[in-house]
Amino acid sequence: MTVAVSVKATASTASRFYLNKPSYTIEGSKVPRPGVPPRKFIDPQNMDLSVKPGDNFYQYANGNWIRTNPIPASKTSWGSFNELREKSLDAMKSLLEDATKTTTRGRLYQMVGDYYTSGMDSVTLEKRGFDPIKSDLARIDKVNNKALFLDELAYQRTQGNGMLFGFGVTPDRKNVNKYLPQLAQGGTTLPDRDYYLKNDARSQKIRDAYHDNLVSMFALIGEEPTQASQDADVIMRMETAIAKAQMPRVEMRDPYKTYNKLAVAAFSQKTPGISWADQLIKYGAKGQDTVLVQSPAFFHSLDSLLTATPIEDLRTYMRWNILKNAAPYLSDAFVQQNFAFTKVLTGQKEQTPRWQRVSSLIDGTLSDLLGQLYVQSYFKPEAKQRMLALVDNLEASYKDHIKNLDWMSEDTKKKALVKLLAFKRKIGYPDKWKVYEGVVISRNDFYGNVKAANKWQYNHVLGRLGKPVDRTEWGMTPPTVNAQYSPVNNDISFPAAILQFPFFDFDADDAVNYGGIGAVIGHEMTHGFDDSGRQYDADGTLRDWWSKDDATKFKERADKVRDQFFGFKVLDSIKVNGQLTLGENLADLGGLAIAYDAFKKTPQGKSKTKIDGFTPDQRFFLSWAQVWRSNQLPESTAQRIMTDPHAPDVYRVNGPLSNIDAWYQAFAIQPGDTMYKPKEQRIKVW
472 MTVAVSVKAT ASTASRFYLN KPSYTIEGSK VPRPGVPPRK FIDPQNMDLS
522 VKPGDNFYQY ANGNWIRTNP IPASKTSWGS FNELREKSLD AMKSLLEDAT
572 KTTTRGRLYQ MVGDYYTSGM DSVTLEKRGF DPIKSDLARI DKVNNKALFL
622 DELAYQRTQG NGMLFGFGVT PDRKNVNKYL PQLAQGGTTL PDRDYYLKND
672 ARSQKIRDAY HDNLVSMFAL IGEEPTQASQ DADVIMRMET AIAKAQMPRV
722 EMRDPYKTYN KLAVAAFSQK TPGISWADQL IKYGAKGQDT VLVQSPAFFH
772 SLDSLLTATP IEDLRTYMRW NILKNAAPYL SDAFVQQNFA FTKVLTGQKE
822 QTPRWQRVSS LIDGTLSDLL GQLYVQSYFK PEAKQRMLAL VDNLEASYKD
872 HIKNLDWMSE DTKKKALVKL LAFKRKIGYP DKWKVYEGVV ISRNDFYGNV
922 KAANKWQYNH VLGRLGKPVD RTEWGMTPPT VNAQYSPVNN DISFPAAILQ
972 FPFFDFDADD AVNYGGIGAV IGHEMTHGFD DSGRQYDADG TLRDWWSKDD
1022 ATKFKERADK VRDQFFGFKV LDSIKVNGQL TLGENLADLG GLAIAYDAFK
1072 KTPQGKSKTK IDGFTPDQRF FLSWAQVWRS NQLPESTAQR IMTDPHAPDV
1122 YRVNGPLSNI DAWYQAFAIQ PGDTMYKPKE QRIKVW
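The sequence shown begins at 472 in the numbering used here and counts up by one.
I should point out that these hints are in silico values taken from the structure, not numbers from a laboratory. Take these hints with a grain of salt, some might be off.
[What the hints assert, rightly or not] The calculated EDC-like cross-link candidates involving lysine to aspartate or glutamate, where the alpha carbons are at most 16 Å apart (straight line), are: (1) 605 with 694; (2) 1024 with 877; (3) 1026 with 725.
All of these numbers come straight from a predicted model, not from anything done at the bench.
My request is simple: use the sequences and hints to build the entire structure.
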């Protein structure tokens, strides 16, 4: 449950943030640096003042910036988050290039430096073609019956090459102090099941392009055109059948629907062709008599599909999974063919530069090694202390909101306050770093390094079995510009890189910081009380702590938010999915309201003094709006509507604001303005 699609911050911003401030402090007062103009945290040059704030506040706040910041050819969108990600990638590049130049500073530098070198060595990659996967393809060629297919499936999974379905080890949501093995639906390549099942022109175009991509990919490993086409047909048939068995995304948001705790023996009876006791042993999960199953119906259908599918088709499916997982790390022909399909799917016009792809890969697979270097260079302890103070202020504001709710009973309020005060805070980076025991990184074996890191990650997750639940583990890396709430941990996380402008800046006034990072903090807190998160109690257990009447009243309010967002049109006939985005929309609405009230307790919040022509309240709401300024390609927008639990950025701004009374007052919004809603129709949840 994150505030935004995962994007990353950077070196140059962090460096400028801490080292090249446009002002300095004398006895608590900010004084401009000599010769440096004052920095405008809310810059009218980015706005479109020809638009009435009550007609389209997003455009009013960001219009000129949007017009003058087109999407680069190698991107699918461009906005505040993308700018920070670019700078983050610059930071990682600097750190990685530095690591490649030394062999005297220990294992950490050797691992990330050699990993980066191997990924940038295009000459060696070209020479090897698809040699790195030939041994796996040869293994698959020997699979001649269903039993061997399941054995090979298990072997590939232990090598970090999972396919057909997901497997992991997670806390038991109804007994959060214990880890259990979990099985989840999977098995498809396209971003969502609907790409296989819908018959509109856009979906058909993508399916046709995917089939062409399959043919081309199979040809790259030496298949004749007729065989490659036949194999592409096999993949389309199998993945379409798998997609039909998958639970839709909206249903997957229900934590009770996806919680199915089954005895391994009983689960095996539902899948006669698969003995889960045997499979779990082959996965390395010995001695497990219970398993969590996301969707039993999916696995029942999958069992039937495996029984009915010829072994040669199963081999083709397995070959495709090896190929598609390895393609980004093979020679240029594979990388370019991969990108040819990406262009159709997302609209991206140029390939992402190799150094950015390799940097992102290392951030994702050896994250605690690169993360240590990032924190050492680009994070200061005072930022963590300032964040803790902000979280305290937001928590106090949230506490007041809960106490003053007019629709919730006193008994449920008490339990809500217990949950709020139990929130754990993760700020900046982990308290302990992973060291990746046993991982060997070679300077000249890129794909081997990818496999080594993936295999370590698999064993790390598997190693949780039988151990106490580690609530200190992070789900994001330090260079990530994002934030997160975990319902089973009941914690909120803010990686190091989010603590920079436009979210946060030491030199910014409180209106800017509370409208930025303050609203993000409130957003993550509200995830603990959104339509899904509210079903977990203070220690993270999936347990109903609401009275029936209070739950009904909450749902009535949440349904109004759902309906509001269903009314927003994005592309031609495509509308926002108000149910898929409900949790994020509730979090935006709650987070903004909580942050505003916290801001009003600050000296600036109590004043009327203008800065750059805007009142404190106006600056608060403008700060919220500028965080979400962006341009996005239509193809990428269409994909996001189908797969992303966040609404498009324009509606993340305008949707919640239309329900905030203080926004109406700050900008004198009147009846007749497009965004105007009568006071009695404004939605208030938290």
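Hint check results:
1. Note on residue 605 and residue 694: the hinted pairing holds, with a Cα-Cα distance of about 13 Å set against a maximum of 16 Å.
2. At roughly 10 Å between alpha-carbon atoms, residue 1024 and residue 877 fall within 16 Å of each other, so this suggested pair holds.
3. As the CA atoms of residue 1026 and residue 725 are separated by approximately 14 Å, the hinted pair is consistent with the 16 Å bound.
This entry satisfies every hint, going by the numbered hints stated previously.
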